[in-house]
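**Student:** Protein chains in written order, with the numbering used here: chain A, -14 to 236; chain B, -14 to 236.
Everything labelled a hint here was simulated from the structure, so no lab data went into it.
Treat the hints with care, as some may be off.
Stated by the list, open to error - Derived DSSO-like pairs (lysine-lysine); straight-line CA-CA distance at most 30 Å:
hint : chain 1 : residue 1 : chain 2 : residue 2
1    : B       : K207      : B       : K197
2    : B       : K55       : B       : K83
3    : A       : K197      : B       : K83
4    : A       : K197      : A       : K213
5    : B       : K55       : A       : K207
6    : B       : K197      : A       : K213
7    : A       : K83       : A       : K55
8    : B       : K213      : B       : K197
9    : A       : K213      : B       : K55
10   : A       : K207      : B       : K197
11   : A       : K213      : B       : K213
12   : A       : K207      : A       : K197
Read off the chains here:
Number of protein chains: 2
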Amino acid sequence: MTYCLAITVDEGLVFASDSRTHAGVDQVSTYGKMHTFGCDGDRQVVLLNAGNLATTQAVITQMRRDRDEKAAMNIDAARDMGELAEYVGSLNRAQGAKHGRAVARAGFSADATFIVGGQIGQEPAQLFLVYPQGNFITTSGHTRFLQIGEAKYGKPILDRIIQPSTSLDEAALCALVSVDSTMRSNVTVGPPIEILGYVRDSLRLERYRCLKEDDSYLIEIKRAWNEKIAQAFAELPTMEWASLSSQAGCA
Amino acid sequence: MTYCLAITVDEGLVFASDSRTHAGVDQVSTYGKMHTFGCDGDRQVVLLNAGNLATTQAVITQMRRDRDEKAAMNIDAARDMGELAEYVGSLNRAQGAKHGRAVARAGFSADATFIVGGQIGQEPAQLFLVYPQGNFITTSGHTRFLQIGEAKYGKPILDRIIQPSTSLDEAALCALVSVDSTMRSNVTVGPPIEILGYVRDSLRLERYRCLKEDDSYLIEIKRAWNEKIAQAFAELPTMEWASLSSQAGCA
């Protein structure tokens, strides 16, 4: 499994990803799921992936090849993030289709899903979620984050905290707590955790953190969050019980 | 969708359920998913349901009929909770199979899943999760709760709080917070929320609360929990950024 997410706030974009990959429970390995492409001052593109690893790697390899070969469409040729999402979508659909039937016959899925985000020149910084079929969605004023993979455990904290005015650093910390909650509830999501903050209009990637399992800050966050949740819970007003109306059907 | 859960702690058992049912997004209705059967001083049985409503109702109707007709196996004849789980499983499998093919042809599933818990005489109080196929699992020393339906959003808080020594009232409050987190993230889970606490060896159901959407305690818990989570989050130590190693591939 996988858990990746991206958040848009007024100050910029946040990306976060775990690094656990598995093909069956007895084949677990570590692969980073955050890929950065860019050129300082010109464009910055971040890709997060979930789903079939072979499809993911094929898409990323093709993106690099297209750029090296200066293909008609490539990362450097895209005029805005929407065009880039369209491009990632077409590669994703093509690579998924290439092995899809054979993989399905073996009882697996060749589907991959991506979050692609960043900024190209003066065009707006944006986030897109790209489906295996190649279509894609972006965020809205009400929906400030996109998630792929094991999205549910980590969603409540995002729902509660993320606002347009949330600072980039707060959004990054919220993303970390969201990934930590997910790791706690699903063993197929695991460290290292990568977090990246992109300051809107900077066209530079200068805020990054990779947190390994034994990172002292990660350990401190886990401990502090657990303690604070327990404390917050202990401070809730107690519930008064009522009586259940008379039991029916006594023999 | 549905979200129901049950918790076992040293002091007793907690049951909680939402009340929203839907067949497509344009057919949403309210049905309680908590059903109590029992006889004070002899046995107390609580059933929570998720999945196909027709199958659920057929199982419950059959349970009532079997008891009224004093069938060879019925709620009053079961010698312990394991035997009762076996009985609910056999009814569930039979009712699911009865309409399963026709329902599947229409693109739906006739599957239902139950949590059944309680205590019979001097036998231990227990919880079981009964699958559509009729098989079932119980809790363990490490796994103190069972969930059916939309289980993921509300799991992190249970993972953090529930211990064997958690009091029955704390466990009930934790169940309420778990259901509230789920309602916030999934609109197909909704009030009223029913909560029931069973004191081990009491053979009585004396702690019950039904919280409608406008219940002042429910509103207060939602507000207080949201505020405390935001406050706990604000108190977390800030993350220091590192620099992303030099960007590859600038055109």
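**Student:** Each hint should be assessed against the structure and marked as holding or not.
**Tutor:** Structure-based check of all given hints:
Our distance criterion of 30 Å between C-alpha atoms is met by B:K207 and B:K197, whose separation comes to about 13 Å. Between B:K55 and B:K83, the direct Cα distance comes to roughly 23 Å. Compliance with the 30 Å bound is thereby established for this hinted pair. Proposed proximity of A:K197 and B:K83 is contradicted: the alpha carbons are some 52 Å apart, above 30 Å. Between A:K197 and A:K213 the alpha-carbon distance is near 23 Å, which keeps this suggested pair within the 30 Å criterion.
This hinted pair does not check out: B:K55 and A:K207 have alpha carbons roughly 54 Å apart, beyond 30 Å. Taking the CA atoms of B:K197 and A:K213, the gap is about 29 Å. The hint holds against a cut of 30 Å. With a C-alpha separation of about 23 Å, the suggested pairing of A:K83 with A:K55 holds against the 30 Å cut-off. As the CA atoms of B:K213 and B:K197 are separated by approximately 23 Å, the hinted pair is consistent with the 30 Å bound.
For the hint pairing A:K213 with B:K55, the CA-to-CA distance comes to about 53 Å; that exceeds 30 Å, so the pair is violated. With a C-alpha separation of about 34 Å, the suggested pair A:K207 and B:K197 falls outside the 30 Å cut-off, and the hint is violated. Restraint check for A:K213 and B:K213: the C-alpha separation of about 9 Å stays at or below 30 Å, so the hint holds. At roughly 13 Å between alpha-carbon atoms, A:K207 and A:K197 fall within 30 Å of each other, so this suggested pair holds.
Of the numbered hints stated above, those contradicted by the structure are hints 3, 5, 9 and 10, listed in ascending order.
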